[in-house]
Amino acid sequence: MPRMADSASGRSCVFCEIVKGERPAHIVLDTPDALAFLDARPLFKGHTLLVPRTHYETLPDLPAELLAPYFGHAQRLAAAMESVLGAAGSFVAMNNRISQSVPHLHVHVVPRNPKDGLRGFFWPRHKYDSDAEAADYAARLSAALADST
1 MPRMADSASG RSCVFCEIVK GERPAHIVLD TPDALAFLDA RPLFKGHTLL VPRTHYETLP
61 DLPAELLAPY FGHAQRLAAA MESVLGAAGS FVAMNNRISQ SVPHLHVHVV PRNPKDGLRG
121 FFWPRHKYDS DAEAADYAAR LSAALADST
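Residues 1 to 149 in UniProt numbering are what the sequence shown spells out, letter by letter.
The set of hints was computed from the structure by calculation and includes no laboratory data. Warning: the hint list may mix true and false statements.
DSSO-like cross-link-like pairs, simulated, lysine-lysine; straight-line CA separation at most 27 Å [as the list claims (entries may be wrong)]: (1) 20 x 45; (2) 115 x 45; (3) 127 x 20; (4) 45 x 127; (5) 115 x 127.
With the hints as extra help, turn the sequences into a complete structure.
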């Protein structure tokens, strides 16, 4: 059975700390079952992480009844990348154990544009110029998601 508050290693989980409000993050989506926030090391500005509020390490651990609501949130985030950020499309990805930097299930939703430099798995990182800029991206995406419910 998956652990509910800690990673399998027994260490505290960064994403659980964000969910509990114990660690700051730029929140994009806040629902009873999931939370989305800007990635602290974004591939591109607007790169968002979607996590279930309950700690599940991988997709196979997520209960079947949560699949549709969870990926419904991912679908809305992908649409917001285009409608709010003007992206031509999005990259939606998930790792399970291998290359999973935080052992808490999460989906990356990344705005994409032609010739943006993202090739294969050698991804450039683009930092926000300031905390205020990150807050602006989070607010814009959050407003679009609120409008789509």
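Practice task
Return the numbers of the hints above that this structure violates; sort them in rising order.
Solution key: Checked against the structure, no hint fails, so every one of them is satisfied.
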